[in-house]
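Enquirer: Below, each chain spelled out in residue letters.
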Amino acid sequence: MTLTLDAPRIVTTRPLVTLRDVTKTYGDVQAVTRVSAEVFPGEVLGIVGESGSGKSTLLRMMNLEDTPDSGSYTLDLPDVQGNLFELGRFARRMLCATKIGIVYQNPHLGLLMKHSSSGNVAERLLIAGERRFSVLRDKARAALAASEFPLERLDAPPIELSGGMQQRVQLAKAIALEPALLLLDEPTTGLDVSVQALVLDTLKRLQQDRNITMVIVSHDLGVIRTLADRVMVMRRGEVVEAGLVDQIFQDPQHPYTQQLVHAKL
Amino acid sequence: MSVTPQSLKTLSRAWEPMSYGFLDASAKREMRRKMIKAVAVPGCQMPYASREVPMARGWGTGGLQVSLTLIRPNMRIKVIDQGADDSVNAASIRHFLARVSGAPTTLDTLQADLIQSRHRIPEEKLNEDQILVLQVPNPEPLRPVQPNMSVARQMHADADYGRMWLQLYEQIVRSGRVMQGASYPSMVNGRHVMTPSPIPRWDVPKLNMAQHLTILSAGREKRIFAVPPYTRVEPLVFDDVPYKVEEHHDLTCSRSGAKGFFMNEIPQEDGSSAYELSDSGFGVKHIQQGIGDAVTLGKTWYENGEMVE
Amino acid sequence: MSVILHVQGLTKGFTMHHLGSQMAAFSDISFDLNAGEFLLLKGQNGAGKSTMLRTLYRSYLAQAGQVLFHSDHGVIDLLRAADVDVTHLRRTEIGFVTQFLVARPRVSAEDLVAEPLRMAGHSAPQALDKARYWLKAFGVKDSLWRAYPTTFSGGEQQKVNLARALILPRKLLLLDEPTASLDAHARVALVARLQELKQNGTAMIGVFHHPDDVEHLIDRVIDLTPDAPNMEDRADVAV
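Residue numbers (this note's numbering), protein chains in the order written: chain C, 3 to 267; chain H, 37 to 345; chain A, 9 to 247.
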């Protein structure tokens, strides 16, 4: 089942992200099988599925950290053309640094734990070519404030911070350059439930204030339900069902989705 | 026409106990090729074999191999260590170079064709005919931010210097200023970031658009890189945090009376400090001038303590 | 009168895979709805009244039929439209009114109510003015306007929800028992607002426990009860 690719449309918004027939195998394992999806500007796409369903692999490919065996990936942005999977390492790095933000479940993947928090955010701006110290500082502060990070800890290294705070630094880093696309890989998994709620709350606010296009991967249906506009359910590398978030939760069609929804509610 | 029968003996040179300039021909050939590569891609580190020389690795073997390759009997050589011609290490290297090549030596920067130096660039301007060889302990500017050298090389290839800049950002955040003293990372020809070897910040601007060729060589790390004449060398600085050299503008040399150059600080019994010119050859010339000897003082990079643009 | 909605052969049932069974909700429903028309759905409990509303809103997927909606962008079959279009129509032309508020943490009541206007492009101060007007109309005390509705009582939350749902005039409103457990004052305000919207051309499909509140608005009634036109006529049970 594909997402909305072939459904009739009358509203002419063009999708920001288009994935077509993305397939990835690791040895004999089909990690992702012919997945197609569109993400529209300002929308939040949730991807659910149990571990091993291929959802994180798909997200990593959207961050161009991994290349599929086949398939295409396009971003509808003024100066971005063609199948992004065909870009070289340098072009990928520049694109990811400036147009795509990502928050990992594991902050060690996304942060320099011993550098200052503001420095972690500033690094993004430095890669993009900002060379004014005062501007770096102001922008880093603004991004951290938007992520509701306590500014008195601006220069504390993430290693000294709690898990929730580390996620906020990751988030600030991801939004510092106002990316066209924000990818969230299990952003609240592993946090205390109360902290989880606070981080979700921040994400929701950011989404509403800035109208950021997001793709969020989680096995936690509550997270998806809170944030997503549309949901894609993955199982063993395939999309079994996709639809509006209320439809997926209220009227799931596929046996797997029914089982998933009923198990969690 | 009689043809001389060819044999190994006629085609090769007779065995000699020592090659000219100590290094054998193939070693020098490799050095020459790597130097040409290094000049062709300014600031980019080229790997080389780094032969054994009769000196421990880390004591200037990289610079020595370059000097041994470039040396000719008619080249005048000068060797300095932290600016001084008379330190044990500088004297030993100078003596060795002269012995294996027959080249004359000098203490005067203006007279020298080849200058091998550890951690200083002379105060007098070098010209197009001169070559400066700098000994480099650690050629990789990215090492503090990326311990994995394979990844660091990839970062150079991508001009991925975000981490480098981040390090400077962190220093300003933590200390209010850039703490990097020597080995100030510098962008060469707008492309590769290099470490200029541990020369003080005072010396880095001297490399920018300099007339002379600078070859930097790390014997232990087996890397060589170069700054060709008239090449941009720009220390990494934020647009709004200006590059600062050591504050030696107003210091006066207690021995020669020269003012406005890079000084060595000499602690005194009473807790105060006296200063003397770090460039000893330059200091000697000032003293000679003071007692009325005829000496030629060359043009200097700094005048009245300020870099001349 | 222009047609807003053309429903043809609408059929909905649920497949319960874990029971291996099918459960029919309603089948082969057809009707047209014009601008400014008020359609009451009636039928006993479980006859599929709410299911019908949710199917039209695309929260449920229909199994057969056609729902042609005459949107500002043209005619579109709501059952087959792309998700993105449905989202867009929900934001601009189709409203769903329930008694339950989905409050969001740290968003004040007035901001929550103003949101549909802001998303439709109204300026923030203007949207806020209107939001306050409607909060007042539904009887929410002005001391509560800047508070977070997560902490409100059920009744107050319901009023905030109604203000939010009805602030922006829509082409089509789906009303799922909005009056349930509402106090008299708010009920009057709600009916007045519905009347106003209706006069301005909003088509409405409603499910009401106590249809007498809106009796004067009703143009047509569809009874979803299968084969039971003569069920006992008690107003307080399913109508």
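Take the hints with a grain of salt, since some may be wrong.
As the list claims (entries may be wrong) - Chain C residues, not near chain A, derived (Cβ > 10 Å throughout): (1) Ile12; (2) Gly54; (3) Pro80.
Said to hold, decoys possible - Covered by chain A, according to a simulated footprint, are these stretches of chain C (three or more residues, beta-carbon under 8 Å): (4) 171-180; (5) 242-250.
Calculated from the structure, these hints are not laboratory results.
Heads up, the beta-carbon is just placed ideally off N, CA and C, and yes, glycines get one too.
Enquirer: Does each hint fit the structure? Answer for all of them.
Expert: Hints, one by one, checked against the model:
1. Interface exclusion of C/Ile12 from chain A breaks down, the closest Cβ pair being 4 Å apart, not more than 10 Å.
2. Chain A leaves C/Gly54 outside its interface by the beta-carbon criterion, the shortest separation being 22 Å against a cut-off of 10 Å.
3. The claim that C/Pro80 is not at the interface with chain A holds, since no C-beta of that chain comes within 10 Å of its own (minimum 21 Å).
4. Look at the stretch 171-180 of chain C against chain A: 0 of its residues bring a Cβ nearer than 8 Å to a Cβ of that chain, fewer than three, so the hint is violated.
5. Requiring three or more residues with a Cβ within less than 8 Å of a Cβ of chain A, the coverage given for the stretch 242-250 of chain C holds, as 5 such residues are present.
The structure fails to meet hints 1 and 4 from the earlier list, while all remaining hints are met.
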